[in-house]
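**Q** Could you put together the complete structure from these sequences and hints?
Here is how the chains run, residue by residue.
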Amino acid sequence: MASLSYIEAINRTLHEEMARDATTFLIGEDIGIYGGVFKATRGLLQEFGPERVIDSPISESLIAGMTVGAAMVGCRPLPEIQFADFISPAFDQIVQQLARFRWRTNGTYSMPVTIRTPYGGGVGGGVFHSQSNEAWFMNVPGLVMVAPSTVRDAAGLLRAAIRSEDPVLYWEHKKLYRSIKDELPEDEEFVTAIGEAHVAREGRDVTAISFGYTHHLAMTAAERLAEDGIEVEVIDLRTLLPLDTPTIKESVAKTGKAVIVHEAPKIGGIGGEIAAVLVVGSLVLACLAVAVVGTVAWPVDGSRGGGEGGQLVQGSRRLRGGIALTFLAVAALAVPLRRRDTFDVLN
Amino acid sequence: MASLSYIEAINRTLHEEMARDATTFLIGEDIGIYGGVFKATRGLLQEFGPERVIDSPISESLIAGMTVGAAMVGCRPLPEIQFADFISPAFDQIVQQLARFRWRTNGTYSMPVTIRTPYGGGVGGGVFHSQSNEAWFMNVPGLVMVAPSTVRDAAGLLRAAIRSEDPVLYWEHKKLYRSIKDELPEDEEFVTAIGEAHVAREGRDVTAISFGYTHHLAMTAAERLAEDGIEVEVIDLRTLLPLDTPTIKESVAKTGKAVIVHEAPKIGGIGGEIAAVLVVGSLVLACLAVAVVGTVAWPVDGSRGGGEGGQLVQGSRRLRGGIALTFLAVAALAVPLRRRDTFDVLN
Amino acid sequence: MTEETNRRRRGKEEAPPAADTEATLAEEAPESAQEGEYETEDVAAAPAEGSKGDFLSEQRRRESLAIDVTRDFPDKYRLSGAMEGCSDEQKLELFERLVKLRLFDARMRKLFRQGRFEGTYYSQIGQEACDAVLTYQMKRDDFVGPSHRDLGAAVGKGVPLKFLTAQVYNRVDSPDGGRYTACHYWHPDYGVMQPATSIMMNWIAATGAAFGYKMLGKDNVAAAFGGDGATAHGDFHEGCNFAGVHRLPIVYVIQNNLWAESLPLHLTSALENLSDRAKAFGFPGVSIDGNDVLAVWNATRAALERARSGEGPTLIEMKTYRWFGHSDIDPADYRSDDEVEAWMAKDPLPRFSAWLEDEGLLDDETLGGVVERVEEEIETAVDFAESSAKPGAETFLSEVYAESYPGFDVRAGR
Amino acid sequence: MTEETNRRRRGKEEAPPAADTEATLAEEAPESAQEGEYETEDVAAAPAEGSKGDFLSEQRRRESLAIDVTRDFPDKYRLSGAMEGCSDEQKLELFERLVKLRLFDARMRKLFRQGRFEGTYYSQIGQEACDAVLTYQMKRDDFVGPSHRDLGAAVGKGVPLKFLTAQVYNRVDSPDGGRYTACHYWHPDYGVMQPATSIMMNWIAATGAAFGYKMLGKDNVAAAFGGDGATAHGDFHEGCNFAGVHRLPIVYVIQNNLWAESLPLHLTSALENLSDRAKAFGFPGVSIDGNDVLAVWNATRAALERARSGEGPTLIEMKTYRWFGHSDIDPADYRSDDEVEAWMAKDPLPRFSAWLEDEGLLDDETLGGVVERVEEEIETAVDFAESSAKPGAETFLSEVYAESYPGFDVRAGR
Ligand SMILES: Cc1ncc(C[n+]2csc(CCOP(=O)(O)OP(=O)(O)O)c2C)c(N)n1
Ligand SMILES: Cc1ncc(C[n+]2csc(CCOP(=O)(O)OP(=O)(O)O)c2C)c(N)n1
Ligand SMILES: [Mg+2]
Ligand SMILES: [Mg+2]
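Residue numbers (our numbering), protein chains in the order written: chain A, 300 to 646; chain B, 300 to 646; chain C, 249 to 662; chain D, 249 to 662.
Treat the hints loosely; a few may be bogus.
What the hints assert, rightly or not - Some chain D residues near chain A, calculated using beta-carbon distances under 7 Å:
#, residue
1, G477
2, H481
3, E509
4, H514
5, T516
6, T628
7, R662
To be verified - Here are some chain B residues pointing at chain A (derived, C-beta under 10 Å):
#, residue
8, Q345
9, G348
10, P349
11, S360
12, S387
13, I566
Just so you know, these hints were derived from the structure itself, not from any lab.
Since the structure is predicted, the reported quantities are computational estimates derived from the model, not experimental observations.
Backbone N, C-alpha and C define an ideal beta-carbon position, used for all residues, glycine too.
**A** Below is the structure:
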């Protein structure tokens, strides 16, 4: 039994899965010699050699796109995009080719590809190292997106992604890399089912829906509110695409209120999709309060400001505080509106 | 007074604005010698010469990205992406550089760039010529998106976009190019304000929200429903980003019900963002029915199937019929729920 | 034509066979069948009403010439030399594939004009030697990443025509069950990847396949095809560069037909020879006459060997020409008649058939047999496609994902 | 060092000046100030606890050598030749800019270690000659598109240091009011574009600026900077290709420092000389010793003239080396000590100062003046930044759009 950090869980799972399946390979920038800019791939070059751990040129389109051909000839590619901010040069290959190839070929070819990428704010990364840009991919059926918030799911979702026949975008949160730890027995192969959200905490007053780093904000807020007798049900999405709509709807049918928390700007964020899931189809009286908590509509990131430098830290702390506050306010306000019994419309 | 088609309105406006402002230039694939694959840029090479009408190599990233430098030195670039499906290689330059450059430089540089691109289904274009992929850009503050549905707005929004200091993605619908006509006096300079939705038809029972080609579906449905005494308020969004939330909210506060219609797959479509606008912040009892009508979650397009070939036409017709039917059903069901007076919460 | 022609293959006295074949492939439906609901850029690009007649009769004239695979051509284009390592049987088999390509393409053009299938048609006539001669030499499980104008890649590799007609017609018997875009020929059992319409995507995919072969220790190789225009795309660079660094087993082919849709070569690149692009990647690039079957054979053979023996990639620029528009109703009036005529005179097919005759491998009887077999396969393939069912829209609702997810219901839209 | 050194600039007897300057720039805060909340890849990349001392003392040794701008170097690196069209005054002014660059960089490194600013620091020490010598020759309203390691582009073009310290410190007096990423130097009044962190974006932007100049009929030119690693990116290709086709007035510079973060050159490209990349675009490419100020001057001068006279782009590969890690706490242990030492011996600064001395343009007094002025400007600039206000988060809420829209409220989030 070892206590592992989130990034160690990723690293260990990569080791295990690459040992298990000789058709897997890693490709990405600085992942070999350097072990990754965050050290997520440490030791893999040493263990599996330069044939299977490819230190790629700075060619994100190639990194993502070459997996299609490699998968067709029998590989199980594990590309890494160094920062989620640099996934945009690979956007074309991901949304047009990788995500649609199975459909286009009428199921002839699976695309068992797992693209890992570090995302999110809170580490002072500045304009090009902080984005939480999952929403770009929400309108892309054929693609799967997962975003673990715990050490266990970091391992479990990664293993599930690697073994899946679908292309999976695996969002790993930079802020969580070394800030959380958990015990993971060596001999167990954790698999977290893709597509299933996790009710991390039960409650009857309001549902908090979030993922990754913001899941921890939601848990903290829930604890604070519990002191005031407000019970928050906290859903950790785990999978962002396709969303686990049954679990979300079930919870909100119970609580009647939902607060969705993400780091990306609210405008066009995945909060919208979740709001749609909640309200669409509710043709009878829907007594429902929904709030989306994202960042202000600036072009940076969710939880931290625009520079790597000093001042932004403070600013971001204030904004981050803001997220929690909004959350509390919405939840508190929501309580008097509790009328669960009549809210059976969300299905 | 001449009767112009949608595409002629675009062509004329380009002529007028390029004549008016010598710092404008066009760049895109086959836009010069060929006059554009749809002939939207016909005659412009002849009128303004190869210095200002650039037949670009097949380099979408360059086409979008070069505008940033060109704008910095005083140009007003008018790039064209040949099909919206081929905007993905330019995604990086648009979302990371063009849309954020003003913010990053603290307002030092405006980016008066208008990217035109033909989108949408209904013309048998197949997997790579039919997408309605506006949702990819909804989480990108700093970017403006407009999508005209009428001949007048084709001219008015294009002129407004060209004269705007903000980067504008101008979505022109292939199916509307030659299927609608309108009178546009020669001497008037139509400007359609960006950011303002248009209540194309007033009604008190349900609000239909759509844009581009689907706006015409909504209008047709509204006419049909009027025969049954159901009054549909039809909002033509015109601007997709930022959304005109005041107009949308006002209408839905009145009708209490909203149906959002777009061509893209529902999953992650802009219907979600609109749903969020409608429900978020409604902390008191919100009696509200919202439906999103998009396509099924396949990786193609909104209104037509997967091939350029024969069979898909039929299939797509059925699906298109489906859109109208769902729309009607939702609207009809919505009627008994009409309780407008109490629905003053959406503001 | 020019004075400088050699004797006709079938003797000067015979009536030109074009008319007969034209009759055989007579049109059965009005020209305008493709109009109506269907309306893409190509319709928009069709010539103005007035010139439509001229346009179509000129197209027919070219088709007649095209299918005369033994017609005259200027002496200066006469082929000489050898096809290294190619048996006589293979020479004839390859010839038959080229004839098949040519007649198939001409036939599809007519069927399209007759409204027998929808969508559009990208003719490859004039360029057959480029992709087919390469893929003919590949092993069946080698990987081919074709582009949008690569009928030859499939036919060269041996994909039976019926799958290709089914693709053109978008029927359930096409390899993708009628889902994907017409003219985008492929077949999984023959190692021909489904082309991505988006330029250069398959260049990258083929690079990935070559990487995969190397990593898995297989001795297969990959080939990727692209046009002159496509070489301006960033993915061209990223693919080639990676293959150069890792010495991947791949042959890259640029079919330089001088035009990228309406864009002339000098607006795609400042180069004389696009093979110079290879100099950016540290592997060999060669420019050859893409209408010379012998030259293509020898260059691609060497490149395949190089790839197979682990020496790395080669870039081959094949200079060629498409006789018709970018797609079937592009009038292509951005090109001069002189240019078109000059290239039609370099038609790879009569040049190759003349050489085969010079070598004593082809006579009228053999040729007759070839044409007969090919025409029969085409007829059967057309019948196959036309009697293959049209897929219902419902059938497209599957295969979005391989796995199932609790929240996903394709019909519900999420 | 090697035996093969020439006389020290300031005479063998003098005490090495490193210690003094080291004292001047003494550290005022503990090493660990950057730790705590701040945690990026670079922290992750820092060496294990045990080796941290060695790492830091080695960094300090290198800094000491770096700021001795007249130190010994091997004879074989001695410069000879002329700087065409460069007046004696300009030579000295340029020298002063290079010294400024060097001392500024060393100073920032120390301030970073002292925790005086957050973020990270990308040192350019070793590479100064590359960008500064080019931009020094440009007109103020010419366009420079720098990358992430281009302090020299700004200093060469004359941007006062205070704007650069303010950028490093992310204060309101930086050109972007403290919004953008530290170390990404720019200034609108000096024609230096704000670098995009994302590789090669500014390569494309500079290409667009060159196009704009040409279209607007201005006689300005543009320069774009990128690293060896960046040449693998698709945008490198698309930008160069377009510039080649349109003969744009632009100079493209690759600073080949052999490494792209941890990626060795041979994994970025199969080429010996990255200037061969230009062969794909039909314009000249040259490879030069980027640590030789004379060579850089002459090559860039020719390229600028070529651009200005409408002859089109040039690609210049400058072979150089970064003394320190990719960013400031990258131990860069993927490189061998020998390699680092060999390149430190080719330090462009002493080589240039020796040449100036040989030319009779530099003596101890002049040098003293230079160092004094530079150190004063640095001090003032640091004070300026430190007394400049930190922007409140609220100030970042403006300038998302130029226009206002009824539905947009940045605080509301939509
Ligand atoms: C990324 C992308 N941009 C634009 C297009 C539209 N398009 C299809 S084919 C073509 C021209 C291709 O020219 P070339 O590469 O020379 O091939 P050719 O058609 O001549 O065989 C263009 C612009 C596309 N398919 N993909
Ligand atoms: C598109 C993109 N991908 C990845 C990165 C991360 N990154 C920043 S600098 C760098 C290495 C650059 O190497 P090189 O071009 O040689 O420049 P150098 O740092 O050596 O000056 C990388 C991979 C980035 N900034 N942008
Ligand atoms: Mg071409
Ligand atoms: Mg480098």
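**Q** Each hint needs a verdict: does it hold in this structure or not?
**A** Against the structure, the hints come out as follows:
1. Interface hint at G477(D): satisfied, since its Cβ lies 5 Å from the closest Cβ of chain A, which is below the 7 Å cut-off.
2. Taken as an interface hint, H481(D) checks out: its beta carbon lies about 5 Å from the nearest beta carbon of chain A, inside 7 Å.
3. Satisfaction of the interface hint for E509(D) is found here, the shortest Cβ-Cβ separation to chain A being roughly 5 Å, below the 7 Å cut-off.
4. Look at H514(D): its Cβ only gets to about 10 Å from chain A, farther than 7 Å, so that hint breaks.
5. Given hint, T516(D) at the interface with chain A, holds; its Cβ is 5 Å from that chain's nearest Cβ, closer than 7 Å.
6. The interface hint given for T628(D) is broken, as the beta carbon of that residue sits about 20 Å from the closest beta carbon of chain A, more than 7 Å.
7. Interface restraint check: R662(D) against chain A, minimum CB-CB distance 4 Å, threshold 7 Å, status holds.
8. Residue-level restraint check for Q345(B) is violated (minimum Cβ-Cβ distance to chain A is 33 Å; threshold 10 Å).
9. With a cut of 10 Å, the hint placing G348(B) at the interface with chain A is violated, because the nearest CB-to-CB distance is about 32 Å.
10. Residue-level restraint check for P349(B) is violated (minimum Cβ-Cβ distance to chain A is 28 Å; threshold 10 Å).
11. At its closest, the beta carbon of S360(B) sits 8 Å from a beta carbon of chain A; the interface hint therefore holds under the 10 Å criterion.
12. The restraint placing S387(B) at the interface with chain A holds, with a minimum CB-CB distance near 4 Å, inside the 10 Å limit.
13. Here the hint on I566(B) is kept, as its CB sits about 6 Å from the closest CB of chain A, short of 10 Å.
When held up to the earlier numbered hints, the structure conflicts with 4, 6, 8, 9 and 10 and fits the remainder.
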